[in-house]
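> Take a look at the letters that make up each chain.
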Amino acid sequence: MTKTNAGRFFEDYAVGQVIRHAVPRTVKMGERALYHAAYPARHALYSSDQFAQNCGLPFSPLDDMIAFHVVFGKTVPDVSLNAVANLGYAEGRWVTPVWPGDTLRSESEVIGVKQNSNGKTGVVWVRTRGLNQHDELVMEYVRWVMVRKRDLDADAPETVVPELRSVVPVEELVIPKGLNFTKYDFELAGEPHRFGDYEIGEKIDHVDGVTIEEAEHMMATRLWQNTAKVHFDATVRPDGKRLIYGGHVISMARALSFNGLANAQMIVGLNGGAHANPCFSGDTVRAWSEVLDKADTDAPGVGAVRLRLVAVKEGGSFDLKGDDGKYLPHVLLDLDYWALMPV
Amino acid sequence: MTKTNAGRFFEDYAVGQVIRHAVPRTVKMGERALYHAAYPARHALYSSDQFAQNCGLPFSPLDDMIAFHVVFGKTVPDVSLNAVANLGYAEGRWVTPVWPGDTLRSESEVIGVKQNSNGKTGVVWVRTRGLNQHDELVMEYVRWVMVRKRDLDADAPETVVPELRSVVPVEELVIPKGLNFTKYDFELAGEPHRFGDYEIGEKIDHVDGVTIEEAEHMMATRLWQNTAKVHFDATVRPDGKRLIYGGHVISMARALSFNGLANAQMIVGLNGGAHANPCFSGDTVRAWSEVLDKADTDAPGVGAVRLRLVAVKEGGSFDLKGDDGKYLPHVLLDLDYWALMPV
Amino acid sequence: MTKTNAGRFFEDYAVGQVIRHAVPRTVKMGERALYHAAYPARHALYSSDQFAQNCGLPFSPLDDMIAFHVVFGKTVPDVSLNAVANLGYAEGRWVTPVWPGDTLRSESEVIGVKQNSNGKTGVVWVRTRGLNQHDELVMEYVRWVMVRKRDLDADAPETVVPELRSVVPVEELVIPKGLNFTKYDFELAGEPHRFGDYEIGEKIDHVDGVTIEEAEHMMATRLWQNTAKVHFDATVRPDGKRLIYGGHVISMARALSFNGLANAQMIVGLNGGAHANPCFSGDTVRAWSEVLDKADTDAPGVGAVRLRLVAVKEGGSFDLKGDDGKYLPHVLLDLDYWALMPV
Chain F
1 MTKTNAGRFF EDYAVGQVIR HAVPRTVKMG ERALYHAAYP ARHALYSSDQ FAQNCGLPFS
61 PLDDMIAFHV VFGKTVPDVS LNAVANLGYA EGRWVTPVWP GDTLRSESEV IGVKQNSNGK
121 TGVVWVRTRG LNQHDELVME YVRWVMVRKR DLDADAPETV VPELRSVVPV EELVIPKGLN
181 FTKYDFELAG EPHRFGDYEI GEKIDHVDGV TIEEAEHMMA TRLWQNTAKV HFDATVRPDG
241 KRLIYGGHVI SMARALSFNG LANAQMIVGL NGGAHANPCF SGDTVRAWSE VLDKADTDAP
301 GVGAVRLRLV AVKEGGSFDL KGDDGKYLPH VLLDLDYWAL MPV
Chain V
1 MTKTNAGRFF EDYAVGQVIR HAVPRTVKMG ERALYHAAYP ARHALYSSDQ FAQNCGLPFS
61 PLDDMIAFHV VFGKTVPDVS LNAVANLGYA EGRWVTPVWP GDTLRSESEV IGVKQNSNGK
121 TGVVWVRTRG LNQHDELVME YVRWVMVRKR DLDADAPETV VPELRSVVPV EELVIPKGLN
181 FTKYDFELAG EPHRFGDYEI GEKIDHVDGV TIEEAEHMMA TRLWQNTAKV HFDATVRPDG
241 KRLIYGGHVI SMARALSFNG LANAQMIVGL NGGAHANPCF SGDTVRAWSE VLDKADTDAP
301 GVGAVRLRLV AVKEGGSFDL KGDDGKYLPH VLLDLDYWAL MPV
Chain Y
1 MTKTNAGRFF EDYAVGQVIR HAVPRTVKMG ERALYHAAYP ARHALYSSDQ FAQNCGLPFS
61 PLDDMIAFHV VFGKTVPDVS LNAVANLGYA EGRWVTPVWP GDTLRSESEV IGVKQNSNGK
121 TGVVWVRTRG LNQHDELVME YVRWVMVRKR DLDADAPETV VPELRSVVPV EELVIPKGLN
181 FTKYDFELAG EPHRFGDYEI GEKIDHVDGV TIEEAEHMMA TRLWQNTAKV HFDATVRPDG
241 KRLIYGGHVI SMARALSFNG LANAQMIVGL NGGAHANPCF SGDTVRAWSE VLDKADTDAP
301 GVGAVRLRLV AVKEGGSFDL KGDDGKYLPH VLLDLDYWAL MPV
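Those sequence lines, one after another, are chains F, V and Y. Residues 1 to 343 in the working numbering are what the first sequence lists, from first letter to last. Residues 1 to 343 in the working numbering are what the second sequence lists, from first letter to last. Residues 1 to 343 in the working numbering are what the third sequence lists, from first letter to last.
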């Protein structure tokens, strides 16, 4: 009997199946320090206990993307070890902040399967939930991936394609208990721009760029216990390159977006996302954002902004797709999320 | 008077001498986070406070190899600054877990000296003990190194070669107080294989590989305050390469061994070890293990497994030594240790 | 209205102006762990809680240079985003130790402006103060930078050149409350050399060298939320090189100076400093020190030593400047500081 994990293949998934992922992880201030070393993250709510307290929180939570990466990393051995492609995200919500000392684990429910016409691969949809040590829902999201079949002769399962909303309705966004932006300190936060200053359709070039190194993306990716071979082992791909974890690009772009969106403090919804092109060491990652929508919330002083976050490896334009409707080669990421901002 | 440390030479060691090493070090969760960023470590007992509590511990201890590296690092300026080669380890035991906030220091006793026939070098054996802030023994091991003579005309000391056991007897392994694997959660731990599933002689290819970068091994090695020049200064070796600290390879291989040995949770004994060939940046490290022995323990649900852990820079075979009895060139590490596993 | 920060230009500064910098930052043991991974720091007071307690402190403070880097990093977006050169430091004092959990923020007061004769740039002097969550002064220093004008036709402001002392007088150094070196453990600290063993004029070659990697200096620089483009974006400079943050070189040299100055424990004054030549990835940084002065203090067992710390990329000599009075090309840093040492 082989002891090592060969990962699941397409025919191993069935709608309704719930996978309880290994390995639970206690996260503290060390993980935050590494997050700040890996990305130029400066959002004040995630940097200063006093700033967070001034916003009604007990102290500064861990970055929302730390929650995402830890929850996501655990799913890799069960969901994407034999994945050919990470196709999309939907219906993501951050529900409970992660406080230093919390322990996170993940569960995924298979909500869709569809064999491809080539008979060699299929698409699997999972809804992943991250839970803390009190079994409270920390965050959830749907992800779909293309997975290889083990046995090409295996029968195709009945096709189930889940109905997914293209946007998380603002009423379903969860605002952290106590959050209050009425005494928000814009000077300490780094920028004067508030909710009312942003217009739907407005695009912001975040100006800064970061040239990526192998050691950095591997350290960050390992920190989340994401062990997909392709990120670490230079012998896996024929071109000898290590593919950078898509989440690394998300965090890099989000951190760069501070310059122009310093007050888009908390990420509360993930509407969709595409890793448009692969990212490799040596690429200089830049970012731009587009304001897609705005909405009021019940929390005092808190507005919700729907943003498109685009990571590119070449700056200077807001071009996204070509005439053929496909992402241009310099586009790395197209992410659609909700953030909370002082009104 | 020169102020800098030139290190000890062979004639500076005498059997019975006890060296109290500088610098004590308080270790906390930041060191753990960095350990998880440096190595793909996923053993659940060292990842989650709740998992550790379910195994009878107050919370999750720092990884056993963190204890080893911190204790070892302190000995470098006194023991191996002028070492030509790190020849072996024996009689290693982990005695008290390291909890976040503990302060570690090290002491070494010289237990053997033997001048080599060339008159230029000699072998020194030391028994190193790591102690915490309560002066409790955290871990101990014997290491022997080949050291240069300062003065080639110095008289050879009386040869003392310590008698070292090739294996730490299972009765002398120390099982952490309270450890209890009767409620062990195999699903959260990541693999179903228990003590009874492993057979003596069984070999496991851990499949995954990690291509090593300079920045990573230097950061990890510095973290343990190991300051041997050869790891950091590219001008030391004629070939311009930085030699990777052997302990970095140990931790990398141990972390890779999760895939197939996820339940070999705690390292409690170090029977022996050889750094078979040097490791350099750019090498892709892989690992395989062999089950050498199995033994019962008194702790509820806890078995002891003796494992050979081999790190290689080329996968695909279990070949270890050539016909000449020497390690094959692709073998980096041959380590023999005891781990605790749920029965 | 553009949302991104273009930074201040020369004509945006006026004497008397106080800039309250974003983003406050809570620092804990994770930042310390990363500091120890980035630099070979071993000073015992900053490594062990017990060692610090034996010196009269409640526990081990964060390294003085962590305080400096965090305070400095916050000033970058407001002071040096359009800086052509970082010209000097003066009148630096560390006033209150930084304890894990403290939150730091920075304020700068413009104390001098002087337009250059070319009409294109000017020099701005700022006094920067780092404050903790109790609004206590953590540290302060004067820095002057050469900054571009936005509008070359803008009128030159009235020239104000602050009078700065070349050395912080020993009476104005602040010794941490309770500090007492009468029970100092030289063996655990790593070296036997005490205050009385150092002579004014003595020079010490710190022997060790570290070859610098891109990933390391970027991680360290990001950790302090210093976001100057030139450190991260390989496309900024025509030569495609990333300039290493001068503070990275300071910390590297200070850590290397352990070997020969292990007992120069606390940095309490910064008299001056010049980043003599740029440092790039691949350089091997070495360091030497010169004892410039010595003074008694009121604290029991505590002496003050004034040290010149020189970082170089080529060892073997104490040469600093050429016949033309300019720094030699291999000199990276010339720093003048006060440290506390057991008498």
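If you are wondering where the hints come from, they were derived from the structure by calculation, not from laboratory data. Any given hint could turn out to be false.
To list a few chain V residues with every Cβ distance to chain Y over 12 Å, as calculated [claimed, not checked]:
id, residue
1, GLY30
2, ALA37
3, LYS74
4, ALA156
5, GLY196
6, ASP197
7, LEU223
8, PHE232
9, ASP233
10, ASN277
11, GLY315
Pair ranges (Cβ atoms, derived) [stated by the list, open to error]:
id, chain 1, residue 1, chain 2, residue 2, range
12, F, ASN118, V, PRO238, 23 to 33 Å
13, Y, ASP319, F, ASP239, 44 to 54 Å
14, V, LYS229, Y, ARG165, 32 to 42 Å
15, Y, PRO278, V, LEU152, 54 to 64 Å
From the three backbone atoms N, C-alpha and C, an ideal C-beta is built for every residue, glycine too.
> Evaluate the given range 23 to 33 Å for the C-beta pair formed by ASN118(F) and PRO238(V).
54 Å Cβ-Cβ, so the 23 to 33 Å window is violated.
> Against chain Y, does LYS74(V) keep a CB gap of more than 12 Å to every residue?
violated, 9 Å
> In terms of Cβ atoms, is chain Y entirely out of 12 Å range of GLY196(V)?
holds, 39 Å
> Within 54 to 64 Å or not, the Cβ separation of PRO278(Y) and LEU152(V)?
violated, 44 Å
> Measuring Cβ to Cβ, find out whether ASN277(V) lies farther than 12 Å from everything in chain Y.
Given that every Cβ of chain Y is farther than 12 Å from that of ASN277(V), nearest at about 22 Å, it holds.
> Take the C-beta atom of ASP319(Y) and the C-beta atom of ASP239(F), compute their distance, and say whether it sits inside 44 to 54 Å.
Between ASP319(Y) and ASP239(F), where Cβ atoms are some 47 Å apart, the hint holds.
> Are all C-beta atoms of chain Y more than 12 Å from that of ALA37(V)?
violated, 9 Å
> Beyond 12 Å from every Cβ of chain Y: is that where the Cβ of ALA156(V) lies?
holds, 29 Å
> The output says LEU223(V) does not contact chain Y. Does that hold with a beta carbon cutoff of 12 Å?
violated, 4 Å
> Is it correct that the beta-carbon of GLY30(V) has no partner in chain Y closer than or equal to 12 Å?
With a cut-off of 12 Å, GLY30(V) comes too close to chain Y, as the shortest Cβ separation is near 3 Å.
> Determine whether the non-interface label on PHE232(V) survives the test: each CB of chain Y must be over 12 Å from its CB.
Violated: least Cβ distance 5 Å, not greater than 12 Å.
> Is the Cβ of GLY315(V) more than 12 Å away from each Cβ in chain Y?
holds, 26 Å
Going through the hint list in order, the structure does not satisfy hints 1, 2, 3, 7, 8, 9, 12, 15.
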